[in-house]
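Chain order of the listed sequences is S, Y and A. With UniProt numbering, the residue at position 11 of the first sequence is 11, and numbering never jumps. With UniProt numbering, the residue at position 50 of the second sequence is 50, and numbering never jumps. With UniProt numbering, the residue at position 16 of the third sequence is 16, and numbering never jumps.
Calculated directly from the structure, the hints in this document are not laboratory data. Just so we're clear, the structure is a prediction, and the values are computed from it rather than from any experiment.
The calculated EDC-like cross-link candidates involving lysine to aspartate or glutamate, where the alpha carbons are at most 16 Å apart (straight line), are:
no.	chain 1	residue 1	chain 2	residue 2
1	S	Lys284	Y	Glu62
2	S	Lys284	Y	Glu59
3	Y	Lys148	Y	Glu186
4	Y	Lys144	Y	Asp173
5	Y	Lys144	Y	Asp180
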Amino acid sequence: MQNDRRKGGMRGSPDAALLLLADSRLPAGGHAHSGGAEEAVRLGTITGPEDLARFLRGRLATAGLVSAALAAAACELASAGHDEQAAAHDEQTGGRDGQSDDPAGRWRQLDAEADARTASPAQREASRVQGRLLIRSARRIWPSPVLDLLAKAVPNGVHHPIALGAAAASAGCDPYQSALAAAYNAVTGPATAAVRLLGLDPVTVHRLLADLAPALNDAAHAACASLIDDVVMEPGAADPFGPYGTANGDAKGSTRGPGWPALPGHAAPALDLLAEGHHSNTMKLFVS
Amino acid sequence: MGANHDDHHDAADPHGRALRLGIGGPVGSGKTALVAALCRSLGPSMRLGVVTNDIYTTEDAEFLRRAGVLDPERILAVQTGCCPHTAIRDDIAANIDAVETLEERFGPLDLVIVESGGDNLTATFSRGLADRQIFVLDVSGGDKVPRKGGPGVTTADLLVINKTDLAPLVGADLTVMSRDAAAVREGRPVLFTSIREDRSAHSVAEWVTSLVGSWHHQNDHTHDHSAPTNA
Amino acid sequence: MTTPLLSPAPPSPAERAAAVTARAVIATRASGGHTRLETLRSEPPLTVRQTGPGLVHLVSTGAGPLGGDRLTLVIDVAPGTALEVRSVASTLVLPGPSPADSLMMIDAHVGAGASLRFTPEPTVLAAGCSHRMAVRLSLAEDATVFWREEIVFGRHGERPGRCRARFDATVAGRPLLRQELVVGHPEVEGSPAVYGDARCVGSTLVAGPAWDAAHDSKRERRATIGAGWAALPLAGPGVLASALAQDTVELRARLGRAEQAAAVPPER
Numbered sequence: 001m002q003n004d005r006r007k008g009g010m011r012g013s014p015d016a017a018l019l020l021l022a023d024s025r026l027p028a029g030g031h032a033h034s035g036g037a038e039e040a041v042r043l044g045t046i047t048g049p050e051d052l053a054r055f056l057r058g059r060l061a062t063a064g065l066v067s068a069a070l071a072a073a074a075c076e077l078a079s080a081g082h083d084e085q086a087a088a089h090d091e092q093t094g095g096r097d098g099q100s101d102d103p104a105g106r107w108r109q110l111d112a113e114a115d116a117r118t119a120s121p122a123q124r125e126a127s128r129v130q131g132r133l134l135i136r137s138a139r140r141i142w143p144s145p146v147l148d149l150l151a152k153a154v155p156n157g158v159h160h161p162i163a164l165g166a167a168a169a170s171a172g173c174d175p176y177q178s179a180l181a182a183a184y185n186a187v188t189g190p191a192t193a194a195v196r197l198l199g200l201d202p203v204t205v206h207r208l209l210a211d212l213a214p215a216l217n218d219a220a221h222a223a224c225a226s227l228i229d230d231v232v233m234e235p236g237a238a239d240p241f242g243p244y245g246t247a248n249g250d251a252k253g254s255t256r257g258p259g260w261p262a263l264p265g266h267a268a269p270a271l272d273l274l275a276e277g278h279h280s281n282t283m284k285l286f287v288s
Numbered sequence: 001m002g003a004n005h006d007d008h009h010d011a012a013d014p015h016g017r018a019l020r021l022g023i024g025g026p027v028g029s030g031k032t033a034l035v036a037a038l039c040r041s042l043g044p045s046m047r048l049g050v051v052t053n054d055i056y057t058t059e060d061a062e063f064l065r066r067a068g069v070l071d072p073e074r075i076l077a078v079q080t081g082c083c084p085h086t087a088i089r090d091d092i093a094a095n096i097d098a099v100e101t102l103e104e105r106f107g108p109l110d111l112v113i114v115e116s117g118g119d120n121l122t123a124t125f126s127r128g129l130a131d132r133q134i135f136v137l138d139v140s141g142g143d144k145v146p147r148k149g150g151p152g153v154t155t156a157d158l159l160v161i162n163k164t165d166l167a168p169l170v171g172a173d174l175t176v177m178s179r180d181a182a183a184v185r186e187g188r189p190v191l192f193t194s195i196r197e198d199r200s201a202h203s204v205a206e207w208v209t210s211l212v213g214s215w216h217h218q219n220d221h222t223h224d225h226s227a228p229t230n231a
Numbered sequence: 001m002t003t004p005l006l007s008p009a010p011p012s013p014a015e016r017a018a019a020v021t022a023r024a025v026i027a028t029r030a031s032g033g034h035t036r037l038e039t040l041r042s043e044p045p046l047t048v049r050q051t052g053p054g055l056v057h058l059v060s061t062g063a064g065p066l067g068g069d070r071l072t073l074v075i076d077v078a079p080g081t082a083l084e085v086r087s088v089a090s091t092l093v094l095p096g097p098s099p100a101d102s103l104m105m106i107d108a109h110v111g112a113g114a115s116l117r118f119t120p121e122p123t124v125l126a127a128g129c130s131h132r133m134a135v136r137l138s139l140a141e142d143a144t145v146f147w148r149e150e151i152v153f154g155r156h157g158e159r160p161g162r163c164r165a166r167f168d169a170t171v172a173g174r175p176l177l178r179q180e181l182v183v184g185h186p187e188v189e190g191s192p193a194v195y196g197d198a199r200c201v202g203s204t205l206v207a208g209p210a211w212d213a214a215h216d217s218k219r220e221r222r223a224t225i226g227a228g229w230a231a232l233p234l235a236g237p238g239v240l241a242s243a244l245a246q247d248t249v250e251l252r253a254r255l256g257r258a259e260q261a262a263a264v265p266p267e268r
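Could you put the whole structure together from the sequences, leaning on the hints where they help?
Structure, rendered in structure tokens:
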């Protein structure tokens, strides 16, 4: 029965699903991305375990946190809208853009939030490519109407954390697990790249990753907390970050839309420079 | 309606798409030269696309574009993050994406060639990526290489032994190579070439042509696209 | 006519007994094709002075912000008008009598066909401070903005205090840029991924209808980069100029180059 297939074998085992999703062997193209590490190695700002540790910690606290929050938001959206989207998928054409309340429109809205948090075009491109590859693989591994809808809603590739959150939901994971997978991804890719590029002792580097375990949990926790942080601080009359889309009167439309603007937007200017430097380097091994 | 209803390009479903031919082999054996030769000889009669997997970025793709054997737009390069074998075997996502991009832009195509980054004798293509594969060796590695085997030599649909013109210079005995290859390949074909002398690699091109012909014969007439795939 | 700037000596932190809450407002109005300043309201330590046609300077008439202070600046650029806001001196954020964060909020709206240029001097995070900034910049569909933000990690030879600076820019309600710079927290300090060994960071948002990429949204526009700076075309109609540097002079030079590159609208 198709419904059995949709509910998938992993639905009842979210922990096992999380392992599969976070595994670097997941065939979704992640192995070819260094997350800025290759360029940092080329420029000499990563030379060994000490500066790699600082690189990873800073990356986790910025890009990692943002990815975790977007993944959690995507997982929440995917889980909340399962039935609704399944129904919508069969009829809706998905052509409209922007602030609409249709499910595809909400995915594009979340995708636009990811765009706004990714100033570097090279990073947006890398994120979309990885998102596209992940959606393609996930649709075969954990088939679900949400993934089909998402592939249609953002055909050129949704941002990777959003793809990850949707894939996680389809595999039966919750937002916290999605966030954890995203945070984990944010550091393991660069760590592996540094092992390959610098010939570092892989055990030493795994020790660094183990040391980051509490920070990974914290990032996933903060990501989930940000989902309920409509108001980041009390500003007197007006909320400093405003409800979504006040300017065109779309403030209270969707259930979760209003929370997205307040999601973390932690920037890493050095990663932006590294990503663009990497992009313009013609002698590179990794995509990003 | 199944989840993969729209995926004509699902690797598991060969119907109505181009044959995907993997070309692998060690560094310097002549993979890129063979791809260029195939483009030269097959280009006029077939709709082609090429995906390269370089160690350093786009060098092979650039070589092919400069060679002028194929519309440069039909050549895509994939980066493999230091692991060329991973990109063709364990995590083929980026290569599948490149193949599908070519088919979307220029399709329908008859043949998409995926050239692996130069790697070792154990590197073979996943069946999820390549329908058929060619493994390229050259004589300068010594005439013992076929005997040593490895999955590339033993399982490839075609073994090409290139640079036969160098055999006398490096002291490689082609009859030994031929005999050893036959012994480990259980009857699968072996072709000797010198692409430097035969810039169109005629024998290999003929093999590929017949492969493409039977591929489309098999797959184009057995599948009705209008029917639901798994209702 | 330009009013001469008066910059009274600010009181020392010790002279400031308690945390303050202040709200200043700058609002323009179109009048016969010209920009008039409709509202110019100061509240110490936030003082705003008109210094030219469509030009306003922020004049700090007090130390800080200090811990516990809550300062709000509201900027409303009416449709069809043009406003430029600068500051007389850099802002030195200090710890205060209250252990609470100092807060600086800027709420800016730029109306249809209006333009805003906001180029204050840098914010310097003195040792021990704990500061939060939030800028909410809402742009009408065809508004133009040039918004610069520079943060210096401590005075000379000093470790920086802590800061979180959040910036949210929207165009007709759609998100254009959301970023938060976190300074002085252990997880980002000295990280080659975040600021490397830089001592200051600058970013300038250049946005407006001229940078609308919608006509070619399939392909990302390429960034322009140099040593320590980049001009990053955003997904929406704008470019972020970004720079890292050892000191304010180098920062201004690098950010200036990035701003120049950012100012060139994409080819049509």
